[in-house]
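From first to last, the protein sequence lines are chains A, B, C, D, E and F. 1 is the number of the first residue of the first sequence in this note's numbering; add one for each residue after it. 340 is the number of the first residue of the second sequence in this note's numbering; add one for each residue after it. 679 is the number of the first residue of the third sequence in this note's numbering; add one for each residue after it. 1018 is the number of the first residue of the fourth sequence in this note's numbering; add one for each residue after it. 1357 is the number of the first residue of the fifth sequence in this note's numbering; add one for each residue after it. 1696 is the number of the first residue of the sixth sequence in this note's numbering; add one for each residue after it.
Do not take every clue at face value.
[Stated by the list, open to error] Covered stretches of chain B, as calculated for chain C (at least 3 residues, CB under 8 Å):
no., segment
1, 445-456
2, 533-546
[Unchecked claim] Facing chain E, according to a computed beta carbon distance under 8 Å, are these residues of chain B, among others:
no., residue
3, Arg-411
4, His-412
5, Asp-415
6, Arg-417
7, Pro-570
Derived from the structure by calculation, the hints contain no laboratory data. Every residue, glycine too, gets a C-beta built ideally from N, C-alpha and C.
Listed below are the residues making up each chain.
Protein chains: 6
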Amino acid sequence: MSGRVVCFGELLLRLGAPGRQRLLQSPLLEAHVGGAEANVAVSLARLGHEAAMVSVVPDNPLGEAACGELRRHGVDTRAVSTAPGRMGLYFLETGAIQRPSRVLYDRAGSAFAIAGTRPYDWPALLAGAAWLHLSGVTPALGERGAEAAIVAARAARDAGVRVCFDGNFRSSLWRESNCEPAPILYTLMSLADLAFADHRDIAVVLGTKAAGFADAEDTAAAARLAFETFPNLQRLACTHREQRDVDHHRLSASLFHRDGSVLRATPRDLSGIVDRIGAGDAFAAGLLHALLSGMSDEHGLAFALAAASLKHSVPGDFNLVDLQDVNDLIAGGGFHVRR
Amino acid sequence: MSGRVVCFGELLLRLGAPGRQRLLQSPLLEAHVGGAEANVAVSLARLGHEAAMVSVVPDNPLGEAACGELRRHGVDTRAVSTAPGRMGLYFLETGAIQRPSRVLYDRAGSAFAIAGTRPYDWPALLAGAAWLHLSGVTPALGERGAEAAIVAARAARDAGVRVCFDGNFRSSLWRESNCEPAPILYTLMSLADLAFADHRDIAVVLGTKAAGFADAEDTAAAARLAFETFPNLQRLACTHREQRDVDHHRLSASLFHRDGSVLRATPRDLSGIVDRIGAGDAFAAGLLHALLSGMSDEHGLAFALAAASLKHSVPGDFNLVDLQDVNDLIAGGGFHVRR
Amino acid sequence: MSGRVVCFGELLLRLGAPGRQRLLQSPLLEAHVGGAEANVAVSLARLGHEAAMVSVVPDNPLGEAACGELRRHGVDTRAVSTAPGRMGLYFLETGAIQRPSRVLYDRAGSAFAIAGTRPYDWPALLAGAAWLHLSGVTPALGERGAEAAIVAARAARDAGVRVCFDGNFRSSLWRESNCEPAPILYTLMSLADLAFADHRDIAVVLGTKAAGFADAEDTAAAARLAFETFPNLQRLACTHREQRDVDHHRLSASLFHRDGSVLRATPRDLSGIVDRIGAGDAFAAGLLHALLSGMSDEHGLAFALAAASLKHSVPGDFNLVDLQDVNDLIAGGGFHVRR
Amino acid sequence: MSGRVVCFGELLLRLGAPGRQRLLQSPLLEAHVGGAEANVAVSLARLGHEAAMVSVVPDNPLGEAACGELRRHGVDTRAVSTAPGRMGLYFLETGAIQRPSRVLYDRAGSAFAIAGTRPYDWPALLAGAAWLHLSGVTPALGERGAEAAIVAARAARDAGVRVCFDGNFRSSLWRESNCEPAPILYTLMSLADLAFADHRDIAVVLGTKAAGFADAEDTAAAARLAFETFPNLQRLACTHREQRDVDHHRLSASLFHRDGSVLRATPRDLSGIVDRIGAGDAFAAGLLHALLSGMSDEHGLAFALAAASLKHSVPGDFNLVDLQDVNDLIAGGGFHVRR
Amino acid sequence: MSGRVVCFGELLLRLGAPGRQRLLQSPLLEAHVGGAEANVAVSLARLGHEAAMVSVVPDNPLGEAACGELRRHGVDTRAVSTAPGRMGLYFLETGAIQRPSRVLYDRAGSAFAIAGTRPYDWPALLAGAAWLHLSGVTPALGERGAEAAIVAARAARDAGVRVCFDGNFRSSLWRESNCEPAPILYTLMSLADLAFADHRDIAVVLGTKAAGFADAEDTAAAARLAFETFPNLQRLACTHREQRDVDHHRLSASLFHRDGSVLRATPRDLSGIVDRIGAGDAFAAGLLHALLSGMSDEHGLAFALAAASLKHSVPGDFNLVDLQDVNDLIAGGGFHVRR
Amino acid sequence: MSGRVVCFGELLLRLGAPGRQRLLQSPLLEAHVGGAEANVAVSLARLGHEAAMVSVVPDNPLGEAACGELRRHGVDTRAVSTAPGRMGLYFLETGAIQRPSRVLYDRAGSAFAIAGTRPYDWPALLAGAAWLHLSGVTPALGERGAEAAIVAARAARDAGVRVCFDGNFRSSLWRESNCEPAPILYTLMSLADLAFADHRDIAVVLGTKAAGFADAEDTAAAARLAFETFPNLQRLACTHREQRDVDHHRLSASLFHRDGSVLRATPRDLSGIVDRIGAGDAFAAGLLHALLSGMSDEHGLAFALAAASLKHSVPGDFNLVDLQDVNDLIAGGGFHVRR
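Input sequences plus hints: build the corresponding full structure.
Laid out in structure tokens, this is it:
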């Protein structure tokens, strides 16, 4: 398949309590590498695309390990440089039944967050790329992150590289960042060809204009307003999640076009969830795959939802599935043991 | 919050097969500390109360470890003394689907069971306490346990400390004890201000008078008879459990008053159960918390049921949740990841 | 109970990814011993029967470990000999939700597969036996396996030992074997008194005659055709599995007789499945137990389905339950903790 | 090889802290099956002999698991019966450097200890046996154990079965037993053809007569006195252990004959010890193997010491080595990787 | 024993690679709680003293877990408060043979480091205390840490509480702190009654005056100079470590007095080291125990060295031994298994 | 550093028993990726060189995992193709004290072994390479392996790429291969610029001419004969290992030149060995690094020995160290904790 995808964002080390234990209930932590944009890069590499990560890590064994995990799954890490600062961490406690999962971010002062725009030579990094993928997590890390994200997205537009932006709104990070999210996200959305955002994300970006978008029913209206506001935007997609309890969700997805047309994928019922972290990233990667592969949007949306659904069955942040896994699910191959 | 709670009972070491393995299927056992009354103490300490354990353990690393776990969760263990005898153990095999969990008690000859009444200076231990909590497990350990429980409960009444008694009827223990449960439990119930008991427990205590209470529908009638029989009793509560299979229950709860009024909490559907051991103790602790905190009984019952429901999501005997976890669930905060 | 059962087939070492991880996602593999016929032998030994394994393993620690596991569960392994070749392996990745489990066979060149008929002195091995159990896996290993299976089954008929044959059709093995399944399976079915086969298995055996048996509804017709074709066949049984997703199945079972009568067991709803590998073998062993114990066929079918259902709750290939576990489930003893 | 060996004693479940952790430092315990006489039985079975265990276990999963482990290693467990009581346990904390290992016995009230002499039909159990092996642990369990051991040893002498007695003096058990060790051990020694005992064991048995045997240098004199006292005794053997620290020992062994001749094996330097529990039993089994195999005593002593030395490299109580492992070590095959 | 000890310093969470793996070689980390002063507090509590921790942790599950671990081992944590900031972490890779262990500090921005002096009401915290223990790690965290340490030490002197100061010089921390160590450490030494420091520590504190103290031989001279410089100082102690390789050290210890007298403990040879982190803290706690218990200095030094030696055999930062363990080692009880 | 190194050989999956357990003593296996030439590739990549692997794996998750591990450590795997056949495995049991480690090869029929010469376009693969590294393991896999190795080495000479050949003589593989090692190894040695071989390897290659080289003292004479026989050979190196026991070795190394000069590195004493597998490959990679970096041969030999020594401290087949680790050891930086 054609078209290199450049993913820009922070690499994180996830430290999770085993099984359904409370954090540090027993003295073991399971380490996984993650990060919203890295998750997309891994998905794309596993689906057969050329995916490159642009990031900054500290020059220590944690930074090395994170890069090693990306390489293991086929991501090009030559554009991950090292700089002073610490490794961004997050602690995860996986919930169960009626006890929600909890993420404890410990990423302040990370090498990536404090690096600003300096480490990146965007014209070189984007040469030959089809897409730049970034997310709303980077600007939420603070002023430097915001600047770095905007510079990257502008460089992509300048270079004729399409921009994919995943809103990924995390209020706790923005609170800590002491930045106002709306203007920054507005700028990033205005540079995007493809955006992942639901009615809440759009409401954050557009402020009072979108304040009325109170629930999922309003996503179509929010999308219309987004297309009006952002002339570069060609497609807007999102998932919707009904949660019966912590382990049992119903996942659906919508894809909106500039022309007002709306596609809705058949929802998937997911019970006995193993790990839902990274499902949104798996969805984004699935849709990027669909666009890179020239699928119809209808098939593409179904592919993206199937990919996101499979993510719920895989431990860790990465969606460790391949094309055949997703296509089998779409084809309704059933759930018998594959021998 | 005001009011120290003194919990009296045996500390146990639980040795459980990992995951859903049969006991000793593989050569690993997971150790947890438990015991009905210790579970209540831990819950109360985590909910912010002053909770003290009164017990006896052997003077060896197992006894020390049990005390250490209680302290870790904030329970005052200064009144846990050491004495000859062994540590009470139980082996646990967690079932799945249609294979029930199994408990293999190995507590005969424990330091607690053979200690009798000697180690406890009740007037000192109860000084300044609001409640004494004990359960039907202690008298089921044999004559000395029965005597120790009755002496403790009497000392509490004498000292103006309210008595909370959880029936916790375990027929296999009573069988081994060579004691007749009815008269002993009768005495303990007669000393209680608050009791946890369902129609079966009451039928055991009251014998022929209550023999007709055959199913859960009869609990209200059984409760009325209990209030008639035991003039000290102010409240009687119980949970009710419909089991679709080993991993999927529907849990409800009722609270009965002397005046005949009955409260029923909205049932909770619990699927994908992680560990149900200790849920009854979590319920008892929840209701004690409600009383100590001056909640309305209606809110208190909802709180206790929510606490008991959360216990099903936590591995081990202790309900490792805090006030906010329970309040979030009651408030319907939903099941999304908390970041 | 009376009647030794001789099980003939390959012992396998299963190497499985822990939990719901993808294969080698983390660097640990869990080892279990299995093999369709060995699974039956272990079930029978645990249900109180004399069960002997006839097989060949390499003379190395893997072969020794496999025999050791059988002995541990009470199977007589004196008729497992050693020969050149390797240990048959399979790698297992347990799926979840909508991601199916995967088996990667690595059994080519195994000591058993290349041993042919030479190691077995059937008259001696079958002396005093009530049943010989074998399955369609052995002939699927190639020409030598096919010959070995047929020789064994013929020896049993000659010795007046009843033959139980489980179709266990594995198309990937047959493909690798370069053998045509139909004539070989036809011969084996013609020697069997009891067969486990559904409409697909029968269609494979009978070829065009049975080509119309497209779905589970046709199993009764397929069974009728099988009884017509195979005069030795007295009973034919199979399970049927509706799969809501990877973790939630509805399992039913049918038992067909020569006289055209059909028994259907009440289906069992199995959610939160732990490990479904070996459930078919657990069913076969359950029905053999029923026949050996003189149960009515109706009770026997219920017993076999209950045994197969319990297997879904036990990690590994072996159905580590005993008579009381199965009888408790049939008796509807409920799902509370057994203390 | 010829000659069945019957081993009589208690089966124990060892629960050990992982690695070099203190007991319950982390909440995991590793389970192993052991027991002095069972260790001998497993060694002998692995060395190619027919070994049968005579014992009593409780009728629960712990007792079953213990028997299963013996069978796994080839021991005949048909003479292990079930009886009321609990499973004998011991907790193990493996030390390191200058912190000694600790064993916490928890075997009071075990099914074996309270069974007495009733479960054993010795004439039947000893039919065709070459040796009965028992140890000083059984009488140390109390009066019933002492009686059971003496009855067994007498039955062996009556049946012309040679008696092998391993002193295995455990003062903490004797203290708890409220029995006087000297007369009981005296009786057992008087029935033995082969005994394992060092100067301390002999001093305990012979009391004042042997009080002067203060250190290892006196073992030969002690042995002479033992031969004088016990006319049935043909051989007496012991190991001697110089301990540089917890992980580094120098192990030697001596074999004494009635005729006063003494053999000393070349000591072995053992550093980086993995698990020394059961080394004495491995030595005893090694010498029994030598006698059963008709080795010269010199070779036999070297074999026994090599076997005991290898035990230090194997986790658990059982000496999981085979003939070739021991012979390789004796032959000086070196320490390179065997490929 | 009499005399409460107040320990002031940061609580840390240690995340270590399992066994001898490189950091993140496999995706598991073992969590331990540590911190130089906390290690002393735990040692003292386990040796029977009243030990209280004064510290600040973040209000999250990591902070809670750290306090829980201290309570588990008997330390009073009521004076550990919560404040904004993160939990101090360190990553540990345990080396082997000729590959040194590595510590990767990740403690910048910790709640403790940024808390400054505000959270501590020293007069109240020190009421009734015999000793305040602090170390050179706290001032190495930066200006606020330095100020907090000095304020604490001054408050102790003002309150007549003796000050114990462990130099614990960590150059990498001081480098990051942008502070000059000499003047700060000078002030702290000048307030101490008891100090732990070797010739290098003293050289850092005294600068040019002590520049000539190049190796361990000079420690006595360095000590003399320290006593001259710091009139409050009564005793100065240090360990000395000869390292044959990563796993094999020879540990000795010296104790210097104002009067110029010097005690040297008999060195201990430690091979097969399990975990050396915290050995210095174990030594400090051992000497404090000796002083609190009124031992002779000679016995006290031997006790402290024995305690430090035992630490090398215990995984984690805490010296999980008790009085009897240390006394047994001093008494030369040998290395046999304690039963 | 300049110069790409192409490594040609089989990728293997190692399945090892945990700790010092016997194989399958407990039901867990630890997976590592290895293979003599892959080990060299990983070492070189970690030391900063461009290293590419040329190999063939099956198209399944095991093959993918092996490639992923190489990529993780920076090896270029684009020249690893897939082909029919299985994954080469080996089972490892790590010995202890006087029990040697055991390797059980299970690599017959592997995709690599049966691939022959077809998958490799050597001119393209070698373009721009400085060295081709291969070993005596590949020809030991059988006729096709031998042909593939010789074709590769010839292609390298033709392309002016230097050839590094590691003898790696494994008699058990050669026995299974039904090939005569001498002529094949002779051909490969004749193509090599650098060879790793000791007196035994040379004796195998040169047959009767070298039969007298009976022990390590003869290596220099053997080397002289090798230089006479093979005019392309510039350097010949080997390690020598004195084994005190399984865990304690003394490792030395020699480097021989065409001109007859001999260098001997100072031996290193390695006690408490963690994992010695791959130490020879670490040595080879160290020397290649030295040559690629333009070190003096003396420094290079010391570097290679230090690298090989460090390997003994790292679990798995790969030498997970970097330049600084090796240089620190050579510089005598000592064994204190690096903070």
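To see whether the hints hold, each was checked on the structure:
no. : hint    : result
1   : 445-456 : violated (count 0)
2   : 533-546 : violated (count 0)
3   : Arg-411 : 4 Å, holds
4   : His-412 : 7 Å, holds
5   : Asp-415 : 10 Å, violated
6   : Arg-417 : 10 Å, violated
7   : Pro-570 : 41 Å, violated
Checked against the numbered hints above, the structure violates hints 1, 2, 5, 6 and 7; every other hint is satisfied.
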